Amino acid sequence: MADNSDRFTFQFDGRTIEARSGDTVASALYRAGRRIFTRSFKYHRPRGLLCLAGKCPNCMMNVDGTPNVRACITPAREGMTVRHQNAYPSLENDWLSLVQRFDRLMPVGWYYKTMTHQWSWHAAESYIRQVAGLGVAPQPGGGSKDYEHAWMHAEVAVIGGGPAGLQAAVEMAHDGSPVVLIDDQPELGGHLRYQKRAGAVASALVDQLRATPSAQIISRSYCFGLYEGNLLGVVQANPHGGAIERLIHLRAKRVVIATGAYEVPFTFENNDLPGVMLSTAVQRLIHLHGIKPGERAVVVATGAPPDEVAEDLSQAGVELVSILAPSEVIAATGATHVTGLRTKSGELSCDLLVMCGQRVPDAGLLHQAGGKLVWNQDRGAFLPAELPANVSAVGEVAGAWLARAMPLPPERVSFHKRSFVCFCSDVSTADLRDAMSEGFDHIETLKRYTTLTMGPCQGRMCQLAGIAICAHETGRTMTETGVTTARPPNPSVSLGALAGPRHHPFRRTPMHDAHDQSGAAWMDMGDWKRPRYYKTASCQSEQACVEEEYRAVRERVGIIDVSTLGKLDVKGRDAGKLLDKVYTNRFSDLKPGRVRYSVLCDEAGIMLDDGTISRLADDHYFITTTTGNLDFVQQWLEWWLVGTGWDVHITNVTGGRAAVNLAGPQARDVLHALTACDLSSRAFPYMACREADVAEVPALLLRIGFVGETGWEIHFPAEYGEFLWLKLLEAGKPFDIRPFGVEAQRLLRLEKRHVIVGVDTDALSNPYEAGMAWVAKLEKPDFIGRNALSRQAAAAAEQRLVGFIMNDASLPQDGAAILVGGALAGRVTSARYSPGNGKAVGLAWVSAKSSAAGAEIEIRVNGGTARARIVEEAFYDPAGDRLRM
Amino acid sequence: MSFLIPCPHCGNRSVYEFRFGGEVKTRPHPDSPAAEWMEYTYTKANEAGVQKEWWFHRLGCRQWLQARRNTTTNEVIEAFFPE
Amino acid sequence: MPPTRHIPLLHAHERAGASLMEHHGWKVPAYFTWAQKEAEQMVRNAGLGDLSFMTKLDLKGWGLKTPPAAGASRSWSLGPQHYLVTCEPPQRDEIAARLRSFPASHDLSLPPPLYITDVTSVYAQFLLAGPRSREILGKLTSLNVSALENLGCGQVSLAHVHSIVLREDLRELPAFHVLVSREYGESVWDAILHAGHEFGLVPFGQKALEFLGGAA
Chain A
1 MADNSDRFTF QFDGRTIEAR SGDTVASALY RAGRRIFTRS FKYHRPRGLL
51 CLAGKCPNCM MNVDGTPNVR ACITPAREGM TVRHQNAYPS LENDWLSLVQ
101 RFDRLMPVGW YYKTMTHQWS WHAAESYIRQ VAGLGVAPQP GGGSKDYEHA
151 WMHAEVAVIG GGPAGLQAAV EMAHDGSPVV LIDDQPELGG HLRYQKRAGA
201 VASALVDQLR ATPSAQIISR SYCFGLYEGN LLGVVQANPH GGAIERLIHL
251 RAKRVVIATG AYEVPFTFEN NDLPGVMLST AVQRLIHLHG IKPGERAVVV
301 ATGAPPDEVA EDLSQAGVEL VSILAPSEVI AATGATHVTG LRTKSGELSC
351 DLLVMCGQRV PDAGLLHQAG GKLVWNQDRG AFLPAELPAN VSAVGEVAGA
401 WLARAMPLPP ERVSFHKRSF VCFCSDVSTA DLRDAMSEGF DHIETLKRYT
451 TLTMGPCQGR MCQLAGIAIC AHETGRTMTE TGVTTARPPN PSVSLGALAG
501 PRHHPFRRTP MHDAHDQSGA AWMDMGDWKR PRYYKTASCQ SEQACVEEEY
551 RAVRERVGII DVSTLGKLDV KGRDAGKLLD KVYTNRFSDL KPGRVRYSVL
601 CDEAGIMLDD GTISRLADDH YFITTTTGNL DFVQQWLEWW LVGTGWDVHI
651 TNVTGGRAAV NLAGPQARDV LHALTACDLS SRAFPYMACR EADVAEVPAL
701 LLRIGFVGET GWEIHFPAEY GEFLWLKLLE AGKPFDIRPF GVEAQRLLRL
751 EKRHVIVGVD TDALSNPYEA GMAWVAKLEK PDFIGRNALS RQAAAAAEQR
801 LVGFIMNDAS LPQDGAAILV GGALAGRVTS ARYSPGNGKA VGLAWVSAKS
851 SAAGAEIEIR VNGGTARARI VEEAFYDPAG DRLRM
Chain B
1 MSFLIPCPHC GNRSVYEFRF GGEVKTRPHP DSPAAEWMEY TYTKANEAGV
51 QKEWWFHRLG CRQWLQARRN TTTNEVIEAF FPE
Chain C
1 MPPTRHIPLL HAHERAGASL MEHHGWKVPA YFTWAQKEAE QMVRNAGLGD
51 LSFMTKLDLK GWGLKTPPAA GASRSWSLGP QHYLVTCEPP QRDEIAARLR
101 SFPASHDLSL PPPLYITDVT SVYAQFLLAG PRSREILGKL TSLNVSALEN
151 LGCGQVSLAH VHSIVLREDL RELPAFHVLV SREYGESVWD AILHAGHEFG
201 LVPFGQKALE FLGGAA
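Residue numbers (my numbering), protein chains in the order written: chain A, 1 to 885; chain B, 1 to 83; chain C, 1 to 216.
Excised from the complex, chain A in its bound form (with noise of 0.2 angstroms):
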């Protein structure tokens, strides 16, 4: 009972509501006077409390930003804003409800039946998106509150809280064993809170459960999906100040159902109009929140079940009028809210229309996590039959206490186009008509043309209705008819929760701060940030910044952050064994203090990942991967080494290694300030590696050069990171040292015509026709993809990689079409405009007969073509001379 003293208010649509406390967002505003909660998805008509217990989509609105709240079982709060959703300007007056004026343009499967040429739906849809949907989505960092994700184990999982459920936690939880018990409503007790006759039952039965230390109740959550393993996704709302949900990702070993029954409408006429309400809305109304629900009021029930309703009206003071068989019912009438009722025997005048309508059991999570329901004429109700493995129902959704309220199907249905089985989309008994009519008088297929079970409730309103006018217009038994197929998420849930917390992982170099500060313009690579470019004052956009930073390492000295390449420590015995049988170079005669580039490719010969690795002693390897791939190749290394009992240990050590490439003429000149190292080309010639101390940090050298430079790329302890960086533009300040981005490296290797793996080639390119044969080390007794490769060695080529430059200055995009004589024969991998050459030059995919070398192509550019020259050889330094100074 809602405690009077206790009072405060709320926001809606700019008015002040005053509240109780004990009372939902709805029992608020149904007590300030308010009756249209809602307008309707497709005709804009208004709606009022239809269920009051959070199963049908009448009371949605937009609570503190957050769209399609069920506001009966949302608590109401001190200072809370709430909105209207769905009409405009008002609920009052929505000027959208013309709509149902031309519901005769708006059939059913109207989309289907209007929208059959293009051009339509081109010049509808602007109108429709505009129109369409419920609700609006909240905009990204609109406001600090956020969504969760966490995660639960228990024993067992009870779903519903009302006396099966409370039963079935207290005794589960009686041994000590962890129950989880998850209730919708904003206090436990079931029906048992508004039917007041056993109240004292379920407060006993509270108490019990709350004083059973291994039982957790998760109140004001719903369960939405039972899925493999019995996992449980749970939605529950305000877990706390800071969040607008919480989805739990709950675990249990046994699962039960007591989800109980909820109560169904009657179609006829008008039954969708405000002030038609099921009896245990007016129950709750009368009981939880000590609201008078009208001042007089038909009943409209078979049975004994009026009994207790009538007896809650009268003590609450409400004049009954009538108490009417359904099938007494012709109309309701009014034009916003129900002012009287059509009937065989005549009109009668009131404001409150009760149906005590049939109980369904609340089975979508059985049925949808593999449980079979079967009709069960007696009671009413498609019943669970064949359960899951450590599923359970008990109570009402299994079937205790239902008793069928009507004839189905149905002896007789009025069809008429605004007598509703759907809520949610506006679906009436006519539609369905209609479109079984049409042929779709099958259960599945009614449901996909009509909408009918698809909107926000889920089917919870209108399944049974649906399959009873089903049944009944086909001749067919409830049983023949069927349910329709029940998938999660039952009921809905909102985007927001299933996204999660506004938290994608980033992954940062230990140099990240330092590029900060030296103006780096970022970007992703996966979860890496990656400085594209430098933004300097000499430069005013990012191709003068790139070309600045180019030429720095073409004159002068560059050096680049590569933090973000896979690092694998190798070690063991057999590790040139293993290096052997998954690169397609050759490792086990590599000699220590040497450096091989490789290929990596699967049983097909496709290239899978490049990279060098580096020989440290005869069982120690160092392996770099391009920077997306490291897990893959780490896995696929691991992988071959199974069952091999070979003695290879592969660490993974890209986090702890901060890496640079030093690049340029004058590279060596900057290093040799740092260590003593000797770095003249006789003792450390290209494709060496050594350790030694640079600025006193341990380190390793690779002389390499992806860029075409005379260059070495350091590796050291991630913890120096930012020092050695600072240390090395430090030392290169007398040669004008740039750093430089991942933008100029990529213009840098493209003039050496040096492939990357992934962007110049992908899942259909192998060695042979990349034109890197000589990769692939065929005299090897065997190694992975060696089979393929040595039947692509002696194949023709179809395609072949090659370089090629625009005759004039125009510049291709990456992807481009590439065309001979007019026909396709290729697309452009990677194009930049050179410096160097003072055109654009970039690789390219063409079908072999056309790659010859020096041959025309033509290439699509903003629109049109202009033409290139096919290059066999690097654009920058064909000798590689510049790598060995």
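Derived from the structure by calculation, the hints contain no laboratory data. All figures in this text were calculated on a predicted structure; none of them were measured in a lab. Any given hint could be a false lead.
Listed next, the in silico DSS-like pairs over lysine-lysine satisfying Cα-Cα at most 25 angstroms (straight line) [unchecked claim]:
1. K27/C with K727/A
2. K25/B with K577/A
3. K535/A with K727/A
4. K52/B with K780/A
5. K37/C with K27/C
Take the given structure of chain A and dock chains B and C to it, following the hints.
Showing chains B and C alone in chain A's frame:
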């Protein structure tokens, strides 16, 4: 998909934590005829019933394991580290 | 004299107002507000500290059929014949030496019994301690932390990142080390603090740990 795989090191864990590695097959001898290699590389038995599969526990111990799984029910009969 | 080592979140801690101190050659937060308050918060609710300076050794090899034991260190089983050994930085060399002194087999055909890789730099290591720490972890990971006993460990996705969770209670206070690859450190630290906000989680510095050690 939310079934559990009993990882021999980590215990029962959600399949979400694992990467599927395909059916367990025997790699042909390097000199086997092309047809045998084609069969190995491209053909899958795709058993409707219990089959032996590779799984990698990527969000756990990061080990490759083999499991016998009923592909029609997703029941994992056993999971083990292959010798 | 080698330069001071930077923990992964050094600058993030600075931005959060931490006062820094040197601890075994590493620059670490001494305190964020003041030590006593941080320690009290940890005992009452929960605290999050950055212990990335802790030495971490990755051990693999056939000799690890039984857990390695070496002085003042903890060893955690990460897989078959795969352990992580953690210790304070000053003990590193002694412990590594003792691990290496593993009796080699007389069978010369066998490879070395043990390979050690220092992975101290590979991981960011955070300590989440306090009575509410389990509830906080419940918002970050599917690992059943209630079933994780003291000195037990698990590997799991935490804040969408592969993590190693080591339980090492501070006397009666439940405490969990969370290890993630270093580059994810800031992302995971933020996610833990965010998840713990409703439980009163605050970051703590090295001084708060010392305070707790002295007070108990």
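Taking the hints in turn, this is what the structure says about them:
no.: 1; hint: K27/C with K727/A; result: holds (18 angstroms)
no.: 2; hint: K25/B with K577/A; result: holds (22 angstroms)
no.: 3; hint: K535/A with K727/A; result: holds (21 angstroms)
no.: 4; hint: K52/B with K780/A; result: violated (31 angstroms)
no.: 5; hint: K37/C with K27/C; result: holds (22 angstroms)
Checked against the numbered hints above, the structure breaks only hint 4 and satisfies the rest.
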